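So the sequences go chain by chain: A and B.
Heads up: the first sequence begins at 42 in my numbering, then just goes up one per residue.
Heads up: the second sequence begins at 266 in my numbering, then just goes up one per residue.
What the hints contain is simulated information worked out from the structure, not anything from laboratory work.
Please note: incorrect hints may appear among the correct ones.
Pair by pair, the computed Cβ-Cβ distance ranges are [claimed, not checked]:
(1) G290(A) - E300(B): 40 to 46 Å
(2) K83(A) - E280(B): 18 to 24 Å
(3) E280(B) - S86(A): 36 to 42 Å
(4) S86(A) - S284(B): 47 to 53 Å
(5) R105(A) - G340(B): 41 to 47 Å
(6) D305(B) - G365(A): 29 to 35 Å
(7) P94(A) - S292(B): 52 to 58 Å
(8) S284(B) - S219(A): 30 to 36 Å
(9) L307(B) - R428(A): 48 to 54 Å
(10) A292(A) - E300(B): 42 to 48 Å
(11) A292(A) - A276(B): 28 to 34 Å
Chain A stretches covered by chain B per the calculated footprint, using a threshold of three residues with CB under 8 Å from any CB of chain B [stated by the list, open to error]:
(12) 235-249
(13) 252-263
Note that this is a predicted model, so its numbers are computed, not measured.
Built from N, CA and C at the ideal position, the CB exists for glycine as well.
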Amino acid sequence: MTSTAVAVTGVGLLTPAGIGSRDTFDAMCSGRSTAEVDPDLKGASVDISCAVPDFRAPELIGRRRTHRMDRFTQLAVVAAREAVDDAGLSTGEWLPERVGAVFGTATSSMETLAVETGHYLDGRPDRISPMSLTRSLPSAPLTEVTLDLGIRGPSLALSTACAAGNQALALGADLLRSGACDIVVAGGSENPRTLPCALLLDKLRALSRRHDLPECASRPFDADRDGLVIGEGAGVLVLERLDHARARGAAPRALLAGHGSTSDAHHYVAPDPEGHGAEAAMRAALTNAGLGPADIDHVNAHATATPAGDLAEARALRRLFPDGAPPVTAPKSVIGHSLGAAGAVESALTVLTLQHQRIPPTANLDMLDPAIDLDVVHGRPRDVRMRAALSNSFAFGGHNTVLVFTTA
Amino acid sequence: MQGSPVVRTFADLREVLESRFEIPADSVTLETPLEKLGLDSLELVELGLLMEIDIDPNDFSAGTTIGEMAGLMAGADGTTLTATSTKADRTA
Numbered sequence: 042m043t044s045t046a047v048a049v050t051g052v053g054l055l056t057p058a059g060i061g062s063r064d065t066f067d068a069m070c071s072g073r074s075t076a077e078v079d080p081d082l083k084g085a086s087v088d089i090s091c092a093v094p095d096f097r098a099p100e101l102i103g104r105r106r107t108h109r110m111d112r113f114t115q116l117a118v119v120a121a122r123e124a125v126d127d128a129g130l131s132t133g134e135w136l137p138e139r140v141g142a143v144f145g146t147a148t149s150s151m152e153t154l155a156v157e158t159g160h161y162l163d164g165r166p167d168r169i170s171p172m173s174l175t176r177s178l179p180s181a182p183l184t185e186v187t188l189d190l191g192i193r194g195p196s197l198a199l200s201t202a203c204a205a206g207n208q209a210l211a212l213g214a215d216l217l218r219s220g221a222c223d224i225v226v227a228g229g230s231e232n233p234r235t236l237p238c239a240l241l242l243d244k245l246r247a248l249s250r251r252h253d254l255p256e257c258a259s260r261p262f263d264a265d266r267d268g269l270v271i272g273e274g275a276g277v278l279v280l281e282r283l284d285h286a287r288a289r290g291a292a293p294r295a296l297l298a299g300h301g302s303t304s305d306a307h308h309y310v311a312p313d314p315e316g317h318g319a320e321a322a323m324r325a326a327l328t329n330a331g332l333g334p335a336d337i338d339h340v341n342a343h344a345t346a347t348p349a350g351d352l353a354e355a356r357a358l359r360r361l362f363p364d365g366a367p368p369v370t371a372p373k374s375v376i377g378h379s380l381g382a383a384g385a386v387e388s389a390l391t392v393l394t395l396q397h398q399r400i401p402p403t404a405n406l407d408m409l410d411p412a413i414d415l416d417v418v419h420g421r422p423r424d425v426r427m428r429a430a431l432s433n434s435f436a437f438g439g440h441n442t443v444l445v446f447t448t449a
Numbered sequence: 266m267q268g269s270p271v272v273r274t275f276a277d278l279r280e281v282l283e284s285r286f287e288i289p290a291d292s293v294t295l296e297t298p299l300e301k302l303g304l305d306s307l308e309l310v311e312l313g314l315l316m317e318i319d320i321d322p323n324d325f326s327a328g329t330t331i332g333e334m335a336g337l338m339a340g341a342d343g344t345t346l347t348a349t350s351t352k353a354d355r356t357a
């Protein structure tokens, strides 16, 4: 493994805050939650979510191809197209064997499995679509993106719960550092806005029960937080060896300077209360980047708004930054938790934060939890001079991955 | 001939090919070979699902025409394909 610098040359985002990275970042800076009652979750014990607004896949992908994809794959394909376009790349101009793809997702396609199994249970197995298997695989986004973009290098799919998006980016960086690729299209996508997913998450008591005020439901670090709000989305970055980017005249948006991953080995869903695994992942990422805590100017927190998760992350941050953590923001307050996509979405937001030198605010922070000693940006965006930032992902099962981004 | 099972099946086929597979109906004639539609094996099975016919892609060659397929689907010659139910509740 060499120390090859990894540039972020393209960003693609589809989130409840908007279609496209520009709309998303602008809406993030408004600091208003996008959560609302979701007709697709009618009948579920918790029926609120954050949905990508006006996402019309057939118009973007075509009816024929849309039908072959579940929504989490449709989101990935459109986000990947934006990222590649943003990077100024044309599929006819790259060496396809030198381009890789890495995608993460957590639940993949609970919806298709439920619908198609329903046909069987209804005595109509003849109605099971032949597209169902390929639609529902965790590798489906990877398949469609490589088909769509003509990528012929390594392709890898990850499913490590809510760390999958960040792990995909980390693995993408390693493919570049190892010399296996010149370019990697990497990210995550998820559509948890399905009855099976909402029902199963609620059985864990992970979801906020604020049905009556959905826009106030996702409140990371707030004293009255009571759980996460599910959200859908996709985040994709074009990662490229810095020398390769420079050779073609591309201007990097940021550098992916390092990454670190650890495992809690603590519990199926509960985080280590002290956040030791999270802290170790942050330290590993800093070491990998050749930086120290004092170099970090901002933290894009995992902060799902669960009582235990936010407290554990806050404790880890306080130990990492004993003199006070740099300004922190919690995007899930605005766009909900997109599980396997979240890390990639939030890393994309971190890239944009560094590029714009502007930290989007955390929504619904009315009263900081007295047990949490952090400078959480809220109310309005904060313009700060920043050189480096962390993007945290701490998943169910204790899978932790942290990325370090620096300005280009 | 108009209103015969084969003609009705052909009309349904054209409708499904356009609505699901984005193949313009006016580009499909009785003589159009399957190969020209560009459907892969999964899409052929999906086409059968939408037509409420159990299709085995191996029953067709690249040169099989839409008219021949419609004939088989309509049971005109009573060979490989048989309708498994009406298509009244078909959802495209």
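Against the structure, the hints come out as follows:
no. : hint                          : result
1   : G290(A) - E300(B): 40 to 46 Å : holds (44 Å)
2   : K83(A) - E280(B): 18 to 24 Å  : violated (31 Å)
3   : E280(B) - S86(A): 36 to 42 Å  : holds (41 Å)
4   : S86(A) - S284(B): 47 to 53 Å  : violated (36 Å)
5   : R105(A) - G340(B): 41 to 47 Å : violated (28 Å)
6   : D305(B) - G365(A): 29 to 35 Å : violated (59 Å)
7   : P94(A) - S292(B): 52 to 58 Å  : violated (35 Å)
8   : S284(B) - S219(A): 30 to 36 Å : violated (47 Å)
9   : L307(B) - R428(A): 48 to 54 Å : holds (50 Å)
10  : A292(A) - E300(B): 42 to 48 Å : holds (46 Å)
11  : A292(A) - A276(B): 28 to 34 Å : violated (55 Å)
12  : 235-249                       : violated (count 0)
13  : 252-263                       : violated (count 0)
Taken one by one, the earlier hints fail for this structure at numbers 2, 4, 5, 6, 7, 8, 11, 12 and 13, listed in ascending order.
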